[in-house]
Amino acid sequence: MSTILVYLESQGNGLKRSSLEAITAAVDTGYTVIGLLADGKEENVQAAAEYGLTKCLLAKHPLLAEKSSPVAASAIAQAARYSQANYVMASANSNGKEIAPRVAVKLQAGYIPDAISLESSAGSIIAKRPAYAGKAIVSVQISTQVGVITLRPNVFTAKKRSASLTVEEFSPEITTEDIRARVTGVSKNEGRLDVSEADIIVSGGRGLKAAENYNLIESLAQVLGGAVGSSRAVVDAGWRPHSEQIGQTGKTVSPSLYFACGISGAIQHLAGMSTSKIIVAINKDKDAPIFKVADYGIVGDILEVLPKLTEALRRTLNK
Amino acid sequence: MNIVVCISQVPDTTTKVTVAPDGKKISSAGVKFILNPYDEFALEEGLQLRAKYGGSVTAVTVGGDSAKEILRTALAMGVDKAVLIKDDERADSFGVAHNLAEAAREADIAILGRQSIDFDSYGTAAMTAELLNLPSASMVSKLSIDGTKVVAECDIDGGKETIELSLPCVISVQKGLNEPRYPKLPDIMKAKSKPIEERASAGVAPRVRTLSMELPKSSRIGKVLGDSDADIQELVRLLHEEAKAI
Ligand SMILES: Cc1cc2nc3c(=O)[nH]c(=O)nc-3n(C[C@H](O)[C@H](O)[C@H](O)COP(=O)(O)OP(=O)(O)OC[C@H]3O[C@@H](n4cnc5c(N)ncnc54)[C@H](O)[C@@H]3O)c2cc1C
Ligand SMILES: Nc1ncnc2c1ncn2[C@@H]1O[C@H](COP(=O)(O)O)[C@@H](O)[C@H]1O
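Chains as they are written, first to last, in the numbering used here: chain P, 1 to 319; chain U, 320 to 565.
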């Protein structure tokens, strides 16, 4: 029986949404799916049953508390061997991108980063992934016995389906020598929702004319419960922090709804957001390239359109 | 300090991508190739570390003959030595990492860019580190080294993370770490006659096969409206009822 081991990450008392997405993507391939949780308690796993997970390994070792990617990679590789997994999957978030390549080396496995679709075909998986900043899509297949695949966050939608879950404890062998690199501090961008974790993003560009006008973007984001993003032009101008920049030299995002307000749609900006589910563009130039990738567009002056749109949305959503 | 900087040659960001006749890669006709933008930060960091701690900087690339061009840029910026690991096929990322690990075996620190903008794997640094059995830190935007102790500030989803590790190690660097220098004209001229060492690729079997490459299909709805109050109300309705996005 072909098996996929999915690396799960905790958030609060449950699992990260990206982990639930990974479970869905793995279950959809028709393989037997086994979860692996290395950073939480049994309670955290329970939610996964609602997404069709039937078995989960709960890794237990005192050194797992050291936040160290070589340690996590070692635990995952051991769990993959133990469960005789054909594939190991993880989210292509910052943690997954750091750990998965190490797991691949340990398992002598081919590695596919940032998959946006999976298809099982004749006993193996064919994955699609973007290349050249999303200007091309490649179909790739792993030719080794075991494969490691990371999945772009927000692309696979987590689907509920019931299953009964059995949890098994798993004790990887880890020594202090495995630690070597450890996280000693984390600072989250407090108070503000980060673009990499948001389901709705409202981004502004140079069309806003001045830093003060960003309050229009913030009001719209607030009504929608979304995050604020930026083009590089406004980050370079010092209006907004680099952590908000979307695009090739900023963050790659795939929210379910993306607003590009006063953004021309340069290829380097599109590189960071073209896999968003629905794209709305507001621009006064009807020929702006952003309209070519938009689902809905408004040709008009953002300084006038945004307050009206925010108000109209507020009315609709409060209904 | 023995510093190795890994650099890759990539198509310019404004390249219009078309698929080659084999249907598996981009057609290189008319494409301008450049030094991967993030690798400029890697080179600059290598040079700054040499200025502080002494030693030498070696720039390494895995690629075909045309990749000598970016090695010349590295020489013009001031690296001591340039190495081309000849691999016309540019294998898969494992093949690249394997060659880089061999080249960095004696290094105190190997510095890479956070991502190469062709295949955006984000994985070469961690893979190279694992092959060398070394610690690593990725997306580093601040770095301090004291003896063998290394403290790196790294970008993560929604914030920053501080990682402590020790030399020897592998890091991948991010914008914000430094301001890459522009090579001066005399240095560019001098770099033209400097030697480039060529080595054969280890030629490990590829672990991932490309089956096909396609251009993304636009399946966008593409409804463009005006800016009247009725249009704005219609947009809200479409988002709510048609797209079900809100
Ligand atoms: C190596 C490299 C990497 C890059 N990385 C990134 C990246 O990560 N992210 C990124 O965003 N860019 C990146 N860029 C820059 C990119 O090429 C563009 O310069 C940038 O995206 C432009 O930002 P913008 O759309 O805000 O500004 P502009 O291109 O100036 O566009 C402003 C738009 O606003 C419209 N406008 C003006 N006034 C109004 C108004 N009153 N109402 C409505 N619309 C109005 C205009 O019609 C225009 O379309 C990169 C470039 C390079 C070379
Ligand atoms: N062919 C190559 N030769 C040398 N270094 C490379 C090569 N490909 C990638 N790298 C390095 O690995 C970094 C990350 O690339 P990637 O993991 O492919 O996104 C780049 O910024 C380079 O520093």
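If you're looking for bench data, these hints aren't it; they were derived computationally from the structure. Among the clues, some could well be false.
In silico lysine to aspartate or glutamate, EDC-like type, Cα no more than 16 Å apart, as pairs [what the hints assert, rightly or not]:
1. U:Lys351 to U:Asp384
2. U:Lys494 to P:Asp301
3. P:Lys188 to U:Glu472
All of these numbers come straight from a predicted model, not from anything done at the bench.
Next on the checklist: Does P:Asp301 sit within 16 Å of U:Lys494, going by the straight-line distance between their CA atoms?
Outcome noted: 33 Å, violated
Checklist entry - Within 16 Å, alpha carbon to alpha carbon, are U:Lys351 and U:Asp384? => result 15 Å, holds
Checklist entry - If you draw a straight line from the CA of P:Lys188 to the CA of U:Glu472, is it 16 Å or shorter? => result At roughly 13 Å apart (the allowed maximum being 16 Å), U:Glu472 and P:Lys188 satisfy the hint.
Taken one by one, the earlier hints fail for this structure only at number 2.
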